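Student: Chain G is already provided as a structure; the job is to place chain Z on it using the hints.
Just so you know, the protein sequences line up as chains G and Z, in that order.
Residue numbering for the first sequence is 28 to 129, as defined by my numbering.
Residue numbering for the second sequence is 286 to 762, as defined by my numbering.
Please note that the accuracy of each hint is not assured.
[Stated by the list, open to error] What follows is a set of in silico ranges between Cβ atoms, one per label pair, in the way DEER data are often shown:
| # | chain 1 | residue 1 | chain 2 | residue 2 | range |
| --- | --- | --- | --- | --- | --- |
| 1 | Z | Val302 | G | Ile44 | 54 to 60 Å |
| 2 | G | Met116 | Z | Asp386 | 17 to 23 Å |
| 3 | G | Tyr47 | Z | Asp641 | 54 to 60 Å |
| 4 | G | Tyr47 | Z | Val747 | 28 to 34 Å |
| 5 | Z | Gly754 | G | Ala107 | 31 to 37 Å |
| 6 | G | Ile110 | Z | Arg384 | 21 to 27 Å |
| 7 | Z | Arg318 | G | Phe93 | 16 to 22 Å |
| 8 | Z | Leu564 | G | Arg52 | 25 to 31 Å |
| 9 | Z | Phe684 | G | Ala57 | 47 to 53 Å |
[As the list claims (entries may be wrong)] Straight-line distance between alpha carbons at most 30 Å, and here's what the computed DSSO-like set of lysine-lysine pairs gives:
| # | chain 1 | residue 1 | chain 2 | residue 2 |
| --- | --- | --- | --- | --- |
| 10 | Z | Lys637 | Z | Lys436 |
| 11 | G | Lys128 | Z | Lys726 |
| 12 | G | Lys126 | Z | Lys652 |
| 13 | G | Lys126 | Z | Lys438 |
| 14 | G | Lys126 | Z | Lys545 |
| 15 | Z | Lys711 | Z | Lys726 |
| 16 | Z | Lys436 | Z | Lys577 |
| 17 | G | Lys126 | Z | Lys637 |
Bear in mind the hints are in silico, worked out from the structure with no lab data behind them.
As the structure is a computational prediction, the values presented were derived from the model and not from experiment.
Just so you know, even glycine gets a beta-carbon here, dropped at the ideal spot from N, CA and C.
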Amino acid sequence: MVQMEYYLIVSTIMMFIGIYGFLTRRNLLAMLISVELILNSVDINFVVFNRFLFPGQLEGFFFSLFAIGISAAETAVAIAIIINIYRNMKNIQVKNLDKMKW
Amino acid sequence: MDYSAIFSYMYTEIALVGVTVLALIYDLMAGERGRRHFHSFVCTLMVLFIAGTVVPWHKEAGEIFGGMYVYTPVHGIVKSILATGTLLVFLQAEPWLRREDTRFKRGEFYVLILSTLLGMDFMISAGHFMMFFIGMELASVPMACLVAFDKYKDNSAEAGAKYILSALFASGLMLYGISFLYGTTGTLYFDDMTSRIDGSALQILAMAFFFTGLGFKISLVPFHLWTADTYQGAPTPVTSYLSVISKAAAAFALMVVLIKVFAPMTEYWQALLYIVIVLSITVANLFAIRQKNLKRFLAFSSISQAGYIMLAVISGTPYGMTSLIFYVLVYMVANLAAFGVIATVEQNSGGKVSMDDYNGLYRTNPKLAVIMTLAMFSLAGIPPFAGFFSKFFIFAAAFEQGFHVLVFIALINTVISLYYYLLVVKAMFINPNDSPIAAFKSDGSTRLSLLLCLAGILVLGVVSSVFDGINLYTFGL
Numbered sequence: 028m029v030q031m032e033y034y035l036i037v038s039t040i041m042m043f044i045g046i047y048g049f050l051t052r053r054n055l056l057a058m059l060i061s062v063e064l065i066l067n068s069v070d071i072n073f074v075v076f077n078r079f080l081f082p083g084q085l086e087g088f089f090f091s092l093f094a095i096g097i098s099a100a101e102t103a104v105a106i107a108i109i110i111n112i113y114r115n116m117k118n119i120q121v122k123n124l125d126k127m128k129w
Numbered sequence: 286m287d288y289s290a291i292f293s294y295m296y297t298e299i300a301l302v303g304v305t306v307l308a309l310i311y312d313l314m315a316g317e318r319g320r321r322h323f324h325s326f327v328c329t330l331m332v333l334f335i336a337g338t339v340v341p342w343h344k345e346a347g348e349i350f351g352g353m354y355v356y357t358p359v360h361g362i363v364k365s366i367l368a369t370g371t372l373l374v375f376l377q378a379e380p381w382l383r384r385e386d387t388r389f390k391r392g393e394f395y396v397l398i399l400s401t402l403l404g405m406d407f408m409i410s411a412g413h414f415m416m417f418f419i420g421m422e423l424a425s426v427p428m429a430c431l432v433a434f435d436k437y438k439d440n441s442a443e444a445g446a447k448y449i450l451s452a453l454f455a456s457g458l459m460l461y462g463i464s465f466l467y468g469t470t471g472t473l474y475f476d477d478m479t480s481r482i483d484g485s486a487l488q489i490l491a492m493a494f495f496f497t498g499l500g501f502k503i504s505l506v507p508f509h510l511w512t513a514d515t516y517q518g519a520p521t522p523v524t525s526y527l528s529v530i531s532k533a534a535a536a537f538a539l540m541v542v543l544i545k546v547f548a549p550m551t552e553y554w555q556a557l558l559y560i561v562i563v564l565s566i567t568v569a570n571l572f573a574i575r576q577k578n579l580k581r582f583l584a585f586s587s588i589s590q591a592g593y594i595m596l597a598v599i600s601g602t603p604y605g606m607t608s609l610i611f612y613v614l615v616y617m618v619a620n621l622a623a624f625g626v627i628a629t630v631e632q633n634s635g636g637k638v639s640m641d642d643y644n645g646l647y648r649t650n651p652k653l654a655v656i657m658t659l660a661m662f663s664l665a666g667i668p669p670f671a672g673f674f675s676k677f678f679i680f681a682a683a684f685e686q687g688f689h690v691l692v693f694i695a696l697i698n699t700v701i702s703l704y705y706y707l708l709v710v711k712a713m714f715i716n717p718n719d720s721p722i723a724a725f726k727s728d729g730s731t732r733l734s735l736l737l738c739l740a741g742i743l744v745l746g747v748v749s750s751v752f753d754g755i756n757l758y759t760f761g762l
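Just chain Z, same shape as in the assembly:
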C-alpha cells in the first residue's frame, strides 16, 4: 500500500492529531510558570493549523483505505471553517479557563474540544458507515464530558446526564437503521450502497432511523428536547461550541449522506425533511419568544436556524451545498459574537445570563451592546449584514427546486424570529434599569474574538468572492 497517499489526503486529521498531542504533552510537562502561556501556545498552534489547511491541498477528489475515507476539496473547506470556529471558541473561553476553579482543568478542555473536532472531521470525510459512526461517536462522547465540565455545579451535571443519555439513545436508533441498510444491501460503503438501494419499505424505515441519529446532533424539532437544557446547563464556551461547530459538522455530513447514499430515495427523504423543517422553524420560534434566560433563548434560536440550514439540504443541488456552507460560516460568526458577549458579561458580572439583567446594558457597556445588536440583526437576516445574504441563498436554493410553499413558511417565520431577536435589543437599549450591569473591560482575548466575529458579520455578506470561492469547489460534489 502506498502510504504517501494517506499523508497527502488525510493532512487535516493528521495535523489535528499533532495539535492535540502537543497540547497534551504541554499540559503534562509545563510547570506552573509555563502554564500561564498555555492559552497562547494552543491558539498559536491552531492558527498554524488553519493557515496550513485553509486552502485545499488537492484540486481533485481522492480516496484512501479502499474508499473508507473520501477527500474532496469542499471537505477541506468545511473542515477549515470548523477549525476557525474552534479557534474563536478558544479565544472566548480564556477568561473562564483562567478562573480559580477551572484553571487546573485547562488542558482537559483543549484536548477534549480538539478530539471532538477530529471526530467531526472524520465524520465529514467518511465513505463508509463504520467510519461515519466512529467519527460521530468521537464527536459526541468527549462532548458529554465537556457539558458536565463544571463538576460541582448541579446544572452542569444535569445537563451532562441529559446530553449523554439522549446521545446514546439517538446513536442506538441510528445504528439500528444502519443494520437494516446492511441487511438489505450487503455493503456499508457509501458508493456501493447507492447502486443497491431500491427504496423498499425496510430501507425507508432504515433511512428514517438513520435520520434520527443525525437529527439529534443537529437538534431538529422532534429530536430537540435535550437542546435547551443542555445549552443552559453547560459552561458558556462549551455551549457556543455545541451550538455552532457540532451542528455545522452534522448538517454537512447529513447532506453528503442524503445526496450520495440515499440518492435513489430522494422523494422519501425530501418528504421527511419537509415536515421536519416546518416543525423545527415554527416550534422553535414559538418557544424562543417565551424564554428569559439568554442561553436558553439562543438554544431555541439555534434550533430554528438548524431548520433554515435544512432548507439547503432539501434542495440537494451543488448550489444548495454552497449556500449551506456559506450559511454555516455566517451563522458561526453571528452566533459566536452573541455567545462571546454573553460569556464575557457572565464572567464579569458574577454569572448574570437572564434577559432582564441586560436591561440598560447600552448605558454601561455600549460596545458590547452594539456587537450583540449586530449579531442579533445578522441572525434575524436584516439586509446590510451577512445573515441576510446567507438566508437569501438558502431560500433561493430551495425555491429553485420547487419548494415554494416551504420557502413561504420559512419567510413568515423569519418575521416572527425578528420579533424575539429584537426583544434582546430592546432590553439593552430601551428598557429602563436602576442598577444595570456595571461597566467593565473585557480581556484582550475576548476582544480579539469579538472583533473577528464583527468583521465576519459586516464583511462576509458584502464580499461576494467568499460565496464564489466556495462555489468553485462544490461543483460536481
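Only chain G is shown next, with the shape it has when bound in the complex:
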C-alpha cells in the first residue's frame, strides 16, 4: 500500500503551485484555476488523514464533500464576475484592473 507521506507530498506540492500561480499569473481565469488547486489539495489532505489516521470515522470525508460543493459555488460566482469584467473591459487581464490604486 502507498504510504500516507506520498499523498501528503502531492497535496503540499499542489498547494504551493496554487499559491505560486495565484501570485504570478496575470489572467483572472488562471488565477481562479490556481485557487482551485489550493482547494483541491485541501480535499486530498482531508481524505488522506481520514483514511490513514482515523479509519473509524467519516468526518474528513464529509468535510471534503462539503468543501467541494462550496468551492463549486464560489467558482460559479467568480466566473460570473469575470464574465462581467469581460463585458465591461473586453479582456480579463489583471493589468486592466488598475482604476483604483493606493
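Tutor: Same frame as chain G, but now just chain Z:
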C-alpha cells in the same frame, strides 16, 4: 431526536430564513404597484425579527446536532446587534435602490444581504469546523455578488473580482489549516479539539493558516490589501454593510474560536495577534492620512478600528468579550452614520465622494455636516461620545492582562487617527469653496437611520446599563 430543541435554540436562524423567504416571495408575486411598498415590507419584517430576538430566549447555554450548533445568550445578543445594523443599512439603501438603474434589482439586494446575515449567524454559533466553514462561505459568496452589484460600472466589477479572488484564496488557506488540525487531533468539534491540542509545530502552523482566513474577513493588516479597492468600488450601502456587519461577525467568531479551541496555545496566538494589532493600527493610520476619496478613507479607518477590536480579543477574558461587543455596537452606529451621510450626499449630488467636494458642506447642509462631525468624533474617541467609552473599555481589557506597551502604542495611534478624522471636519467647516454641494433634502428613510445612529452615538456611552447588560451574559462564556 427531539425536534423542539432545534426550534427553541435556533430561533434566530429560523426566523431569518423566514424573513428571507418572505422577501423572495414578495419579489416574485408583487406587481408594479406592490413593489413600491417593498422597502417598508422588508423593514417591517426586520423590525419584527429584531423585536422577537433581541432578548435571548434562554438564560443558559445549549447545543443541538450533537454539538455542531452551540447556543449561548451572548450569541443571541451579537446576532441582534448584527440584525439592527442590517436594518440601518436597509434604511440607508432606499434612495439608491429607488434609482432607475437599480430598481428592478431591489429584491436581489434584500435576499443577498439577508443570506449573508444568515451565514454570519451560523458562523457565530458554530461548534464544529464544518459549520463554521459553511457559515463563513455563506457570508462571503453572496457578498461578492453584492460588491459587483452595479453591473455596468467598471469600478464595481473590478472591486468584485478583487474581493472574490482574495476571498477564495483566504478560504483556501484557512481550509488548509483546518485540514492539519484535523490530521493532528482527529476531530473537528470545538470541544473535543481543545483537549487534544498540544501545541506541536504543525498545530501552530495550522492555527496561523486558520487565522489568515478570518484575518482576511476582518481585514487586518497583512491581509488588508483588498479592502480599500473593494470599499471604493462597491455601491455605498454595500460598503457600509461590509465595513460594519461582516467585520463585527468575523471578529466575534475569531474571539470565540481562539478562546475555546486554541486555549492550550494562548501564548502563540497572543504573540501572533500582538504583531498583527501593531501593524493594523499603525499602517492603516498612515495610509488613511493620504486618502482623498472618502470611501477609501473610511476603508483605512475601518482597518485601524479592526486593530482596536483585536485588542479585546488578545485579552481573552469575559470582560474583553463584553468590551468587544460594546465596541462593535458603538463602531456600528458611528460608522453607519458616516456612511449614511456619504450615501445621501452621493445620491443627491451626482456621485460626489471626494473629500474636496465636502469643502463648505456646513454652509449648505448644516445638519448632515454636524452628524458627520459627531460620527468622526466618536470614531476618534473624543470623550462625551460613545466612541471614547468603547475605546476605554477595550484598552482596559488589554491593560488588565499585562499588554502595557501594546496599549501605549494604540494610544499614540489614537492621536494620529484624530488628525485624519479632523481633516474631514476641517473640510466641511473651514475650507473655503466657491461651489459647495447644493442644499438638498434627504428622504425620510435616510433621515430615520441617521437619527437612530445619532441617538446611538450620543446615548450608548452615557447609559451604562448597555455595557452592564452585555456584561451579564458574557460571564462564563
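Student: Each hint needs a verdict: does it hold in this structure or not?
Tutor: Consistency of the hints with the structure:
Valine 302(Z) and isoleucine 44(G) have their C-beta atoms about 40 Å apart, which leaves the hinted 54 to 60 Å range violated. Between methionine 116(G) and aspartate 386(Z) the CB atoms are about 19 Å apart, so this pair conforms to the stated range of 17 to 23 Å. Between tyrosine 47(G) and aspartate 641(Z) the C-beta distance comes to about 42 Å, which lies outside the given range of 54 to 60 Å. The hinted window of 28 to 34 Å between tyrosine 47(G) and valine 747(Z) is violated, with their beta carbons roughly 54 Å apart.
About 43 Å separates the C-beta atoms of glycine 754(Z) and alanine 107(G), a value inconsistent with the hinted range of 31 to 37 Å. A hinted range of 21 to 27 Å holds for the C-beta pair isoleucine 110(G) and arginine 384(Z), which are about 24 Å apart. At roughly 43 Å, the beta-carbon separation of arginine 318(Z) and phenylalanine 93(G) lies outside the given 16 to 22 Å, and the hint is violated. Between leucine 564(Z) and arginine 52(G) the CB atoms are about 27 Å apart, so this pair conforms to the stated range of 25 to 31 Å.
Against the hinted window of 47 to 53 Å, the Cβ-Cβ separation of phenylalanine 684(Z) and alanine 57(G) comes to about 48 Å, which satisfies the hint. Pair hint lysine 637(Z) plus lysine 436(Z) holds up; C-alpha atoms about 20 Å apart against a cutoff of 30 Å. A threshold of 30 Å between alpha carbons decides the hint, and for lysine 128(G) with lysine 726(Z) the separation of about 33 Å lies outside it, so the pair is violated. Taking the CA atoms of lysine 126(G) and lysine 652(Z), the gap is about 33 Å. The hint is violated against a cut of 30 Å.
Between lysine 126(G) and lysine 438(Z), the direct Cα distance comes to roughly 11 Å. Compliance with the 30 Å bound is thereby established for this hinted pair. For the hint pairing lysine 126(G) with lysine 545(Z), the CA-to-CA distance comes to about 43 Å; that exceeds 30 Å, so the pair is violated. Of the pairs offered as hints, the one joining lysine 711(Z) and lysine 726(Z) holds, with about 23 Å between alpha carbons and a cut-off of 30 Å not exceeded. For a cut-off of 30 Å, the pair hint linking lysine 436(Z) to lysine 577(Z) stands: about 25 Å separates their Cα positions.
Proximity of lysine 126(G) to lysine 637(Z) is assessed by CA-CA distance (about 17 Å); at most 30 Å being required, the pair is judged to hold.
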